[in-house]
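K.L.:
Please construct the entire structure, taking both the sequences and the accompanying hints into account.
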Amino acid sequence: MKIVLYFHVHQPWRLARFRYFDLGSGRSYFDDARNREIFLRIADKCYRPALGRLAEALDTHPEFRLSLSITGTWIEQARADAPDVIELVRRLVRTGRVALVGETYYHSLAFLLPPPELAEEVDLHRTALLETFGVEPKVLRMTELAYSDELARFAEQQGFKGMLAEGWEGMLRGRPPTQRYFSAVAPAVSVLVRHYPLSDDVGFRFSSRSWSEYPLTSEKYARWLAETPGDLIGLFLDFETLGEHHPASSGILDFLSALPTAVRSHPHLGWATVEEALEAPVGGSVSAPTTVTWADQNRDLGAWLGNDLQRSAFEAAKGLGRLLHHLDDPELLTLWRKLITSDHFYYMYLGGHGADADVHQYFSSYGNPYDAYANYMNALTDLRQRAQARIDAAAAETRAPVAR
Amino acid sequence: MPAEPPPVVEPDPTAEESTPDRTLEAFSDPPRWIRRPVRAGPAPLRLLTRRLHILMIGWEFPPRSTGGLGVHCYELVQELAAMGHHVTFTVPVPGEYSEVRGVHMRWPMRRSGQRWFPAYEPPVGEMPDPMGTVDGYNHWIAQLALREEVDVLHVHDWFGTVGAVKLARRLRRPLVMTVHSTEYDRSLGHPWTDVLEREKVGLAGADRIIAVSRHTKDQLVERYGVAPERVNVVYNAVRPSERIGQLDPARPTVLYLGRLAAMKGVDTFLQAAARVAARNPNVVFIVAGEGPEFPRLLKLSAQLGLGDRVLFLGRVTEEERMGLLARTSVFVLPSVIEPFGITALEAMAAGIPTILSKTSGVAEVVGSAFVVDFWDVDEFASRMTELLAYPALSRTMGAAGRAEATQVGWAERALETARIYAELVQTRGSSR
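Same order as they appear, the protein sequences are chains W and Y.
End of the first sequence = 404 in my numbering, gap-free, step of one.
End of the second sequence = 1432 in my numbering, gap-free, step of one.
Just so you know, the hints here were simulated from the structure itself, not pulled from any lab data.
Be careful, since some hints might not be right.
Listed next, with one range per pair, are the computed distances between beta-carbon atoms [said to hold, decoys possible]:
(1) Ala226/W x Glu1416/Y: 38 to 44 Å
(2) Glu1320/Y x Gln385/W: 37 to 43 Å
(3) Asp1218/Y x Ala226/W: 53 to 59 Å
(4) Gly367/W x Pro1295/Y: 47 to 53 Å
(5) Ala1403/Y x Arg223/W: 44 to 50 Å
(6) Gln385/W x Arg1419/Y: 52 to 58 Å
Yeah, the Cβ is synthetic: ideal placement off N, Cα and C, and Gly gets one too.
P.N.:
Set out below in structure tokens:
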């Protein structure tokens, strides 16, 4: 039984308040000061201490393995604001026991856009990993752990050997989440699934005093892992679980440090990176005609495209994308890509299930979804006007004879 | 609720002979319910189910009301009556008030020869001696004789505090005071002593105080030194209403509806309107309401070049108001200070996307609205334009705001109020 420990590392570029009357002003859409402040805070509370603990664990436990997916938006912010954190990740990667996972550079909803956007973003990300860490990913994860047959086909075309997905009952159809699957439509692509009850024990419940299992010790958790039958256990978590979602005072970092030792006392348990997990015995094929994600109670796209605000904003972004793909302007294209980062749509979530609404509010950078939507639409409208101005200028240029 | 024909008021000079001051002797129609036996011994435990006789000392009542106070009283007594309580409601002047079953209106009358006249001039508009009316009203309250024993007295704002405190002491019954707004708020920090003193009499003499928002409660604690545990917050509510009529997409309309007073922030509304109007040639701005600031605001709108873009409607009737709401695309409550802001809740209940100032009490209870600093003209302008420019936004916010504004109704608010009565009656009952 191999434990596939995997963390997702991401920070979005949050928007500044961009008023309707800022249209055409040339003001930046992004709140650089605030993004920097947040990044530095999380670097202190989470990235530095947690990466340090992981490095120690790798040093003292030769059998310990983990995997990371790191977005391009995170890499850029880390480079600018806390380059030492990049160095800490490099140190992990150099052990050879940490696999990096491919995804979209901008943590975007590009998988819902017409080609070639998704392929271009995955390429950008591949290049960034290669340049920053000297590693090329073999396994793909899509934003918010989205998985579908179509995405498996895409992964196959792009040469990926595996994809990550939520171990959702609807997709597994009664089969356990503890084995490797392969895509029914792209058999060359393995599907590694998240064991969500065990993942959420750490991700959501760890610091909850009302939880019957509180406090969760590494010994107890290792015992649960050992008692789980199967070949693989996918523990897929946000990296910010380590010190940010659960503060250091909750004991999460000590829990993490002690886990490899606790696991070692169960001889049949071991660790595997997502790439090593591709060698595990195969349990059968999975099919996902519609997209499955790791979010909310429904595990669908409702968290990003569930309401009218979100759909209307995304449609507007989609329309602008078509325009920009015809316009050869890397600056505007980059701005647009920063605007299709999934987080912006997540902030427009209107609520619904109580627990889900709390999670959304925790991650939101706005007072309410209307603020998020209006601000986003202002920025997008401004970008559209800029694109239109370029198009008009180009048209005027081709029309005007070279008179002067 | 349409106002029914008023009852024919036949003063009965023999009904309350004990009233010592003949000039202030006053009558309206006698109570219709049967007198209950005087209660002896401790109060029964199931007080919420016991019918109380509530003497409510008001100032205005629909349709003769200028602000949230009258609406609040009307809705409150209606729900209290529906719960089985009896309410005697006093106002300073006679009139054709909306009739509510189980609620008995009383006002002071004076007799001249064989005929009865209103004791005071109507307190509407400019009055020669407003405090004369207030003093007379309080004097009448203090002397008031009732056929049925009162369980609890409830006074609204400062108008009737002096009389209410005296009467409560005389009857040995608990007094509740609701503060709809404080004099500090109304005067933007320059209180009128006559009013302030009356407020203080009420705040000191009441057994419990109800504030219409947390903001108002904070004011009472900070400015008036009222102990926080004596103050309960009971918010206003609205009735769900159907939005009649259609929006005209060619003439998007932004509405301010309220009194034209300094604390209302109509300046900000006009300044923001000027910014919006410059970019959106079709938008119409409406200022509905009357008040002392009207001449200045009219001048300001001219200075801002809004002459043909802002319509000043003056006072609107209930019917006109419904018609107005039906045509409104965006509702704005720009108040510098707004103890509650019931008009905004009404607009939201009608499905209109709404922009609130952060300092309004209503912003404490709703989330489906834009909330803006009252001084931030650019932000008001931007929010107005956003609601006009993005249909998905105004549609979604309108629907969510409607659901939110109507989720807690007057019945719940009346229940919260009745709980306070019960608590007080029980304490009094067991201590006597």
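K.L.:
May I ask which of the numbered hints given earlier this structure violates, with the numbers listed in increasing order?
P.N.:
1 and 4
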